[in-house]
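Below, each chain spelled out in residue letters.
There are 2 protein chains.
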Amino acid sequence: MPLMRTEIGEVLRGVRSAQHRTLRDVAKQANVSLGYLSEVERGQKEPSSELLEAICQALGLPLWALLREVSNRMVLRAQFYVPDTVPDDLLDSRTIRIVPDARTESRVALKA
Amino acid sequence: MPLMRTEIGEVLRGVRSAQHRTLRDVAKQANVSLGYLSEVERGQKEPSSELLEAICQALGLPLWALLREVSNRMVLRAQFYVPDTVPDDLLDSRTIRIVPDARTESRVALKA
Numbered sequence: 000m001p002l003m004r005t006e007i008g009e010v011l012r013g014v015r016s017a018q019h020r021t022l023r024d025v026a027k028q029a030n031v032s033l034g035y036l037s038e039v040e041r042g043q044k045e046p047s048s049e050l051l052e053a054i055c056q057a058l059g060l061p062l063w064a065l066l067r068e069v070s071n072r073m074v075l076r077a078q079f080y081v082p083d084t085v086p087d088d089l090l091d092s093r094t095i096r097i098v099p100d101a102r103t104e105s106r107v108a109l110k111a
Numbered sequence: 000m001p002l003m004r005t006e007i008g009e010v011l012r013g014v015r016s017a018q019h020r021t022l023r024d025v026a027k028q029a030n031v032s033l034g035y036l037s038e039v040e041r042g043q044k045e046p047s048s049e050l051l052e053a054i055c056q057a058l059g060l061p062l063w064a065l066l067r068e069v070s071n072r073m074v075l076r077a078q079f080y081v082p083d084t085v086p087d088d089l090l091d092s093r094t095i096r097i098v099p100d101a102r103t104e105s106r107v108a109l110k111a
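As they're listed, the protein sequences go chains A and B. Every letter in the first sequence is one number past the one before it in numbering that gives the first Met the number 0, and letter 59, counting from 1, is 58. Every letter in the second sequence is one number past the one before it in numbering that gives the first Met the number 0, and letter 16, counting from 1, is 15.
Since the hints were made in silico from the structure, they are not lab data. A few of these clues could be false.
Derived Cβ-Cβ restraints for the label pairs, each shown as a range [to be verified]:
(1) A:His-19 to B:Asn-30: 39 to 45 Å
(2) B:Gln-18 to A:Gln-18: 21 to 27 Å
(3) A:Leu-22 to B:Gln-78: 41 to 47 Å
(4) A:Gly-13 to B:Leu-22: 34 to 40 Å
Derived BS3-like pairs (lysine-lysine); straight-line CA-CA distance at most 30 Å [unchecked claim]:
(5) B:Lys-44 to B:Lys-27
(6) A:Lys-27 to B:Lys-27
(7) A:Lys-27 to B:Lys-44
(8) A:Lys-27 to A:Lys-44
(9) B:Lys-44 to A:Lys-44
A partial selection of chain B residues facing chain A, derived with a Cβ cut-off under 10 Å [what the hints assert, rightly or not]:
(10) Glu-38
(11) Arg-41
(12) Leu-51
(13) Trp-63
(14) Leu-66
(15) Met-73
(16) Val-74
Built from N, CA and C at the ideal position, the CB exists for glycine as well.
So that you can see chain A by itself, here it is in the shape it has in the complex:
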């Protein structure tokens, strides 16, 4: 599961892209360095509450809306999350056919 800062970064980048704005433009308006904003967008830097607020303001995005979107994404990911490994108790059952090397099909296989 992606970390919170990864989701925050993706949403921020998505909003900026939708506005056809450059890193330079938004960073300048938010009064943060271009490198910092870039790192935040790539989920490599944990933004402080103050700077996150400044970035949101530069994007015209309320902080509550950012957090709601991040929350929604986490719910969606949790619903469709397929673990890389199959739990032992499931492996024991003869009713389950394990499809080799087909991670994307594992949900179907488990249901069959």
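With chain A's structure known, arrange chain B on it following the hints.
What follows is chain B alone, placed relative to chain A:
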């Protein structure tokens, strides 16, 4: 308006209190120091995504639920936010009676 980390801290403290658990108990389970958890709860420390996840897990609180609650609180605060100062253009208007030293009544006064 309170910062994001202040809201996060208040929600975490509220959930822990509702569970009648001590800082020591939750900190131990989350594998963070008691001092760190206390600072996070008081909004004095910006928690990293990793440690926030660990604290939420120790509380049995999904991270998405924490963020949704924080988001909801921000919306509520924005709706009922009364600035400490009255804007100059409002002060000029004779239709507004300023109630001295009655910050809680300022909404009523401005409406009258």
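Evaluation of the provided hints:
1. Range check, A:His-19 to B:Asn-30: Cβ separation about 44 Å, and the 39 to 45 Å hint holds.
2. A hinted range of 21 to 27 Å for the beta carbons of B:Gln-18 and A:Gln-18 is inconsistent with their spacing of about 42 Å.
3. Range check, A:Leu-22 to B:Gln-78: about 33 Å between beta-carbon atoms, so the 41 to 47 Å window is missed.
4. At about 37 Å, the CB distance of A:Gly-13 to B:Leu-22 agrees with the hint of 34 to 40 Å.
5. The straight-line distance between the Cα atoms of B:Lys-44 and B:Lys-27 is roughly 18 Å, inside the 30 Å bound, and the hint therefore holds.
6. Annotation: proposed proximity of A:Lys-27 to B:Lys-27 is violated, straight-line Cα distance about 42 Å (limit 30 Å).
7. Taking the CA atoms of A:Lys-27 and B:Lys-44, the gap is near 26 Å; set against the 30 Å cutoff, the hint holds.
8. With a C-alpha separation of about 18 Å, the suggested pair A:Lys-27 and A:Lys-44 falls inside the 30 Å cut-off, and the hint holds.
9. This hinted pair checks out: B:Lys-44 and A:Lys-44 have alpha carbons roughly 16 Å apart, not beyond 30 Å.
10. Checking B:Glu-38 against chain A: minimum C-beta separation of about 14 Å lies over 10 Å; hint violated.
11. Using the Cβ-Cβ criterion of 10 Å, the hint placing B:Arg-41 at the interface with chain A is not satisfied: the shortest such distance is roughly 14 Å.
12. Residue-level restraint check for B:Leu-51 holds (minimum Cβ-Cβ distance to chain A is 6 Å; threshold 10 Å).
13. A cut of 10 Å between beta carbons decides the hint on B:Trp-63: the least distance to chain A is about 4 Å, and the hint holds.
14. A least Cβ separation of about 4 Å between B:Leu-66 and chain A falls short of the 10 Å threshold, and the interface hint therefore holds.
15. Evaluation of the B:Met-73 hint against chain A yields a held restraint, the C-beta minimum of about 4 Å falling below 10 Å.
16. Contact between B:Val-74 and chain A, as hinted, is supported at the beta carbon level, the nearest pair being about 5 Å apart and thus within 10 Å.
Figure legend: structure checked against the earlier numbered hints; hints not met, in rising order: 2, 3, 6, 10 and 11.
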